[in-house]
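Heads up: the sequence lines are chains A and B, in that order. My numbering numbers the first residue of the first sequence as 135 and each following residue consecutively. My numbering numbers the first residue of the second sequence as 135 and each following residue consecutively.
Treat the hints loosely; a few may be bogus.
In this list, chains with the same sequence are indistinguishable; a pair is considered to hold if it fits within one copy or across any two.
Mimicking DSS-like on lysine-lysine, the simulated pairs with C-alpha atoms at most 30 Å apart in a straight line are [claimed, not checked]:
(1) K713 / K733
(2) K266 / K892
(3) K402 / K387
(4) K395 / K675
(5) K745 / K546
(6) K364 / K745
(7) K733 / K557
(8) K871 / K733
(9) K444 / K277
(10) K713 / K632
(11) K220 / K272
(12) K733 / K552
(13) K745 / K557
(14) K912 / K892
(15) K745 / K542
(16) K632 / K733
(17) K393 / K713
(18) K348 / K393
(19) K733 / K158
(20) K342 / K220
(21) K459 / K167
Read the hints as simulated data drawn from the structure, not as lab findings.
Each chain, written out:
Protein chains: 2
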Amino acid sequence: MRKLASFYACFLDEGKNEQYQRMKDYIEVDEWKIIERGFNPQYNKISESIFSLGNGRMGQRANFEEAYSGPTLQGNYVAGVYYPDKTRVGWWKNGYPEYFAKVINAANWIGIDICIDGEPIDLAKNRVDYFKRELNMKEGYLKRNFEVGAGTTRVEAEVTRFCSIVDDEAGAICYKFRPTGAEPHIICTVAPYIDGDVRNQDANYDEKFWDEVKKATWDDGGFVQMRTKKTGFEVATGMRCVVLVDGKPVDFKPEPVTKDKYLGCEYKLYVPDASEVTIYKYAANVSSQNYPADQLEEILKETLSRIAEKGFDVMKAEQADAWAKKWKHNDIIITGDPAVQQAIRFNIFQLNQTYTGQDDRLNIGPKGFTGEKYGGSTYWDTEAYCVPFYLATAKQQVTRNLLLYRYKQLGKAIDNAKLLGFKDGAALYPMVTMDGTECHNEWEITFEEIHRNGAIAYAIYNYVRYTGDEAYLSDYGLEVLIAIARFWSQRVNWSAEKQQYVILGVTGPNEYENNVNNNWYTNKQAIWCMQYAMDAAEAVKGADAAKYTALAAKINFREAEETARFKDIIDKMYFPYEKTHQVFLQQDGYLDKEQILVKDLAASERPINQKWSWDRILRSCFIKQADVLHGLYFFEDQYDIETIRRNFDFYEPRTVHESSLSPCVHAILAAKLGDEARAYELYLRTARLDLDDYNNDTEDGCHITSMAGTWMAVVEGFGGMRVSDGKLSFRPFLPGKWQSFSFHIGFRGALLNIRVSKDGVQIKNLSGSETVVMIYDKEQLVKANDELLVEA
Amino acid sequence: MRKLASFYACFLDEGKNEQYQRMKDYIEVDEWKIIERGFNPQYNKISESIFSLGNGRMGQRANFEEAYSGPTLQGNYVAGVYYPDKTRVGWWKNGYPEYFAKVINAANWIGIDICIDGEPIDLAKNRVDYFKRELNMKEGYLKRNFEVGAGTTRVEAEVTRFCSIVDDEAGAICYKFRPTGAEPHIICTVAPYIDGDVRNQDANYDEKFWDEVKKATWDDGGFVQMRTKKTGFEVATGMRCVVLVDGKPVDFKPEPVTKDKYLGCEYKLYVPDASEVTIYKYAANVSSQNYPADQLEEILKETLSRIAEKGFDVMKAEQADAWAKKWKHNDIIITGDPAVQQAIRFNIFQLNQTYTGQDDRLNIGPKGFTGEKYGGSTYWDTEAYCVPFYLATAKQQVTRNLLLYRYKQLGKAIDNAKLLGFKDGAALYPMVTMDGTECHNEWEITFEEIHRNGAIAYAIYNYVRYTGDEAYLSDYGLEVLIAIARFWSQRVNWSAEKQQYVILGVTGPNEYENNVNNNWYTNKQAIWCMQYAMDAAEAVKGADAAKYTALAAKINFREAEETARFKDIIDKMYFPYEKTHQVFLQQDGYLDKEQILVKDLAASERPINQKWSWDRILRSCFIKQADVLHGLYFFEDQYDIETIRRNFDFYEPRTVHESSLSPCVHAILAAKLGDEARAYELYLRTARLDLDDYNNDTEDGCHITSMAGTWMAVVEGFGGMRVSDGKLSFRPFLPGKWQSFSFHIGFRGALLNIRVSKDGVQIKNLSGSETVVMIYDKEQLVKANDELLVEA
């Protein structure tokens with residue numbers, strides 16, 4: 135679930151045949167850079183999200199180093215460090231969790247106060263004569279140039295910073311400025327600092343989440359060690375600084391400044407007019423997630439010494455190299471449409487900044503490290519949208535760690551199910567979580583959007599299908615699958631009236647229906663999960679009977695009895711069906727609704743999530759994201775193309791796509807059905823969602839998980855990529871506006887570049903292992919380090 | 135809706151055949167008094183609710199006059215004075231109201247600090263040697279006797295107070311105490327005060343709701359005038375005091391004490407050991423609801439002078455007279471079961487304390503003036519439960535004012551419907567309101583529990599049927615009825631599949647189902663409202679064609695077109711029906727649920743609202759209060775007895791009665807069906823709800839509106855009272871444990887006392903007009919001031 139739409143979004147009505155239009159047109163198009171030229175304080179919080187930096191361990195919104203008194207959302211996030219904020223609701227419902235765990239704003243490590251002749255630089259107050267902000271996606275850094283004036287003084291500045299993906303607990307800043315004034319000398323005060331006295335904008339009871347543990351100042355810096363309330367995570371955040379005037383290091387020690395949770399170093403400079411002042415600030419966050427709390431100070435010092443010794447330029451060069459390696463494996467090149475090229479790179483860049491897959495305790499929050507919304511927690515987005523991206527663009531271990539994250543939380547998923555009345559090892563994974571505990575508090579979602587359990591099982595299937603790593607099933611997967619199957623087998627009930635099994639009181643992925651009966655998608659997931667659990671059990675039994683026996687004993691799997699029930703349910707599950715249109719019915723009673731198509735809905739009524747009261751949305755036929763179609767996407771092999779077409783033709787015209795996760799799946803299906811124009815139109819709805827602030831909510835953070843959906847639309851939609859029988863297959867087409875597009879796919883040891891152009895489909899094998907792929911259903915052998923062209 | 139159960143309640147499982155047991159057995163049984171003997175600080179907040187005083191204009195929890203540092207919920211409420219507290223929810227849904235208007239805790243007028251030798255009397259700190267609290271329902275006052283000791287001193291006290299129903303802006307206190315100590319003289323400080331610096335326990339953002347406007351002290355008292363934030367209501371609360379030692383007024387003026395929002399008079403007394411100190415405190419609240427704000431001070435002074443002049447004893451005697459008059463018209467006498475006698479009087483007493491019907495801007499909050507919960511706002515409880523009580527026990531004007539309350543809010547009900555997408559004068563009355571604006575914020579209730587609109591129409595029907603006041607329809611009723619009918623005609627939609635009209639996405643009175651389709655009760659209410667609106671239109675047209683024409687023009691009633699639609703909907707409304715049991719089906723899909731009876735539900739699982747998560751409750755077949763049965767109660771004339779029996783036999787065993795409003799209606803139906811034992815058992819579930827703190831939530835306030843349901847169970851259940859064709863009819867039976875019961879009924883100018891005993895049914899006509907009643911379906915003429923007996 136993504137509450138984007140229902141909560142904040144403003145997905146403007148484009149109309150069916152209108153051209154795609156950019157909403158906020160202030161980001162300059164460039165294939166490798168995100169550029170803001172001219173200062174747009176009204177968009178500052180949006181830019182802070184878009185220009186965010188991250189390295190999987192820490193993330194930093196594009197806040198300014200120097201003081202800024204205008205609207206801003208400060209954000210430095212340290213992966214895995216969260217605070218359980220006490221639940222706030224209007225009306226309590228039994229079963230609600232006590233807390234919402236959220237990744238929280240940590241100590242500010244970027245701050246550098248600068249005063250010129252006693253006046254602070256503050257772009258909200260100064261006259262801004264020039265401003266340019268640039269996110270270099272190729273090399274992974276943020277650069278800002280500006281010129282400000284106040285009275286007779288004037289300052290030109292260039293600030294470069296990055297979160298290092300080589301030293302992933304560290305960030306570095308190079309802040310250069312050149313003051314000019316009326317006098318031959320200018321007094322500049324330069325004060326880099328670490329400030330732990332931060333708050334979250336999203337705090338249910340306006341509390342601060344951090345206590346100070348200790349702090350110290352050094353000759354060239356210092357640190358603050360903070361501890362989260364309740365959870366007791368400790369994070370030491372420190373800095374070392376070098377200040378130069380006209381290239382020469384200053385020859386005195388700065389004045390230390392300490393306040394509660396704060397330490398700074400003040401350099402008072404008396405510099406000749408038009409001198410260049412340079413501050414290098416090396417900073418790091420080290421966390422008790424990774425080290426004993428009492429060693430953090432020492433480890434922080436070592437980290438800071440190491441990076442300060444390397445120096446800014448070396449670090450930056452290493453950063454560029456590391457990004458170049460990433461891009462080699464996951465770049466998508468689109469020729470003929472620079473705005474779309476920029477967008478897809480931005481999406482890939484942000485996904486890589488968010489999750490690197492090195493730590494199975496981490497996951498991908500809907501906003502990644504770019505904002506506070508959704509608490510930085512894990513949703514089914516990860517399994518349904520992000521897994522395909524990481525499977526194809528990163529090492530196998532990355533997706534495996536996403537799976538292990540859930541495996542390790544199985545105990546809590548079983549506890550969660552127990553709280554809701556289930557037993558015997560049934561697991562219900564939480565709707566929203568940090569550590570496996572349910573965090574969400576909206577009954578129709580928390581308790582009823584149980585399809586998430588299906589996505590978690592599906593991700594295991596997807597991973598094994600893609601990688602061939604059957605051992606994962608024996609080691610971890612099967613245990614999760616049985617727990618999920620048990621949940622479904624208890625969640626169904628026998629309808630005496632229908633003489634079939636039913637699933638009552640659920641919310642499907644289409645959140646514009648709540649508490650419905652027999653949601654087709656959910657019922658489908660339920661029986662699929664039970665079947666897959668049994669298939670996986672057979673596979674594990676075949677591969678390693680002893681392991682199977684041990685597992686069955688461990689989890690008290692009464693195979694005969696339990697699988698008999700699974701089979702009975704699979705055989706006798708009820709699925710609502712609509713005979714006239716011959717489509718699967720979204721849920722019981724859907725056809726009692728007044729059937730109106732989105733095209734017949736007045737533009738003034740849209741987006742319905744802003745124009746209509748919630749009950750009206752619920753009783754309308756309009757669909758936020760079509761769950762039947764999502765089911766057909768997941769289980770496409772089970773349905774013939776005409777079935778898929780009938781359902782697409784029925785549901786797509788009723789879908790308002792007021793979820794950022796909706797259009798990509800529809801785009802993939804449209805592509806499959808050969809409706810290239812529709813596929814492209816649907817793709818454009820998500821491609822630049824954040825760059826153009828399409829939903830009017832990017833200031834809260836970027837839509838990280840839906841970025842993976844955009845990638846899917848290109849690769850599985852336009853590229854027509856699928857995996858079956860251990861082979862990749864492609865049925866690509868070239869969107870009309872594009873000259874070509876190409877993407878990289880890693881698959882079982884091979885690295886392929888697939889380029890689709892008017893000439894045909896070119897496959898380059900960039901690896902040393904040959905591989906067989908299907909192109910338009912024909913088998914093609916692509917030899918190691920070779921390429922081939924399948925002509926159009 | 136009463137969230138009692140789903141939110142706080144602890145309705146313990148009695149089991150089907152167990153004896154009714156009292157939950158908290160600390161209230162002494164007495165036919166006319168509520169007595170607490172011995173101090174129970176652990177129950178203090180419960181007692182504060184139970185021993186509450188009120189007079190329709192103001193209400194006062196049984197807080198102590200002197201300091202009390204133990205657990206307490208302070209409550210002085212001034213009718214109609216409310217604060218719009220900003221909505222607090224976890225997840226916002228479109229359409230939620232911005233504010234929840236709540237009657238709020240106003241200035242403390244009862245406070246009298248007393249210090250003996252410098253030590254304050256504080257029952258939480260003193261040794262309490264004796265304690266008795268007594269609510270005299272016959273005469274309408276609260277008396278408290280206690281003896282406390284601290285060190286060598288000892289104090290005996292007797293405190294009597296009441297909210298005057300004669301001077302209904304005033305209250306009076308007589309606080310007598312006798313200190314004894316080791317010394318021949320004792321220093322006593324006596325400090326009556328008014329304290330406006332109060333807060334609500336229920337404040338969404340911990341704000342204080344009042345600002346001070348002005349205050350003053352007088353020789354023997356003073357006042358504080360406060361203004362509510364946002365709403366700007368002003369209330370002046372003042373006091374005049376007389377202090378006597380051994381019967382002689384003190385011969386000095388007290389020391390004035392003023393603080394922010396506070397004023398007091400301090401009397402320092404140096405009294406001989408064992409003297410009797412008496413404080414008379416005369417207090418009043420006058421509000422800008424009733425007078426111009428700038429005259430409040432003057433009016434308050436006049437009020438205080440008037441009552442002080444009368445003196446405490448005269449006021450108390452007047453109070454007893456006034457209550458005697460009330461009891462003459464509404465007492466119920468039950469012989470053979472003193473606990474039940476006490477309970478029914480308590481219910482009648484509290485209802486009369488809450489609402490006197492003199493002001494059509496006031497209404498009956500679910501907790502009346504006994505607590506903060508539910509904000510003191512209006513729910514459908516008023517129309518569905520309270521109207522029958524006031525119709526039979528009070529002047530016609532009282533119920534008429536309840537109806538006018540809604541009439542005056544029609545504009546806001548139309549606005550409310552507009553917000554939800556309705557048009558052309560359709561009205562949806564709010565779920566919870568103070569001034570007509572919707573206050574509630576739970577989508578499945580606020581937007582979906584639309585059956586309240588039906589109850590509001592039904593109350594008009596009930597009033598006209600009872601009183602014969604057809605003119606009400608022309609003057610006010612029809613306008614409301616058409617607006618409500620318009621709502622229903624727009625709220626239905628045509629189901630192409632069913633080829634009938636359906637109503638989707640509702641919550642019925644049974645709140646253990648949310649967002650269901652075709653709730654039988656709601657569909658029934660919808661067509662009934664449309665039919666009644668048309669019948670009323672015809673009646674008005676017949677009675678006063680010009681008035682009808684004027685009204686139709688005013689509200690743009692396109693009669694032909696609109697009634698054609700009403701009729702079409704009435705003809706083609708879909709009602710779910712269950713063929714096997716031949717019962718009306720609660721809603722679509724109800725039989726898909728696993729059918730379990732309450733008797734087969736383990737006691738450990740109950741109450742399900744405390745043991746089960748919300749989703750589990752929703753998908754179970756268990757019913758909080760049976761809406762089909764409520765519909766059969768409302769519309770019993772339309773159904774034969776066997777239909778009612780089949781539905782009762784089907785639904786009652788599935789009903790957990792976890793709403794305080796549930797058992798009374800079931801009791802009435804059981805009585806109708808001749809199941810006397812079941813009727814009695816169901817009656818007992820509500821009779822002493824508060825006295826025994828059955829639901830473990832009386833500390834929040836008494837369940838005022840459900841008290842009316844208890845009255846209904848006696849009069850309509852055991853008494854079998856109905857009204858049809860302008861006549862009262864009775865089909866009474868005598869519960870086995872009782873020797874007799876009798877009740878008073880006012881009906882169209884006649885006042886009847888109906889006494890049911892083993893001898894038969896005795897009817898006394900206490901009025902000067904003869905009347906015809908039906909007893910067991912036989913017509914009986916009861917002459918003026920005469921009586922008759924229909925033998926058993």
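What label fits K459 with K167 when the C-alpha limit is 30 Å: within, between, both, or neither? Only inside one copy: K459 and K167 sit 17 Å apart there, 86 Å across copies, limit 30 Å.
Intra- versus inter-copy proximity for K733 and K632 (alpha-carbon distance at most 30 Å): This pair counts as between: shortest inter-copy Cα distance 25 Å, intra-copy 36 Å.
Please sort K733 with K552 into within, between, both or neither, judging by C-alpha distance up to 30 Å. between (45 Å within a copy, 24 Å between copies)
Evaluate K266 and K892 at a C-alpha cut-off of 30 Å and name the case that applies: within, between, both or neither. Neither, since 37 Å and 96 Å both go past 30 Å.
Intra/inter-copy verdict for K745 and K557 if alpha-carbon distance must be at most 30 Å: between (43 Å within a copy, 15 Å between copies)
Within, between, both or neither, where K444 and K277 count as close if Cα-Cα is 30 Å or less: within (20 Å within a copy, 84 Å between copies)
When no copy is named, should K220 and K272 be tagged within, between, both, or neither for a Cα gap of at most 30 Å? Result: close neither inside a copy nor across copies, 41 Å intra and 48 Å inter.
Quick one: K713 to K733, C-alpha cut-off 30 Å, is that within a copy, between copies, both, or neither? Within one copy only: 24 Å inside, 41 Å across.
For K342 vs K220, is the C-alpha pair at or below 30 Å within one copy, between two copies, both, or neither? both (12 Å within a copy, 23 Å between copies)
One pair to classify: K912 and K892, alpha carbons no more than 30 Å apart. Within, between, both, or neither? within (19 Å within a copy, 96 Å between copies)
Using 30 Å as the alpha carbon limit, work out where K348 and K393 are close: within a copy, between copies, both or neither. within (12 Å within a copy, 44 Å between copies)
Which holds for K733 with K557 at a C-alpha limit of 30 Å: within a copy, between copies, both or neither? between (47 Å within a copy, 23 Å between copies)
Taken one by one, the earlier hints fail for this structure at numbers 2, 4, 11, 17, listed in ascending order.
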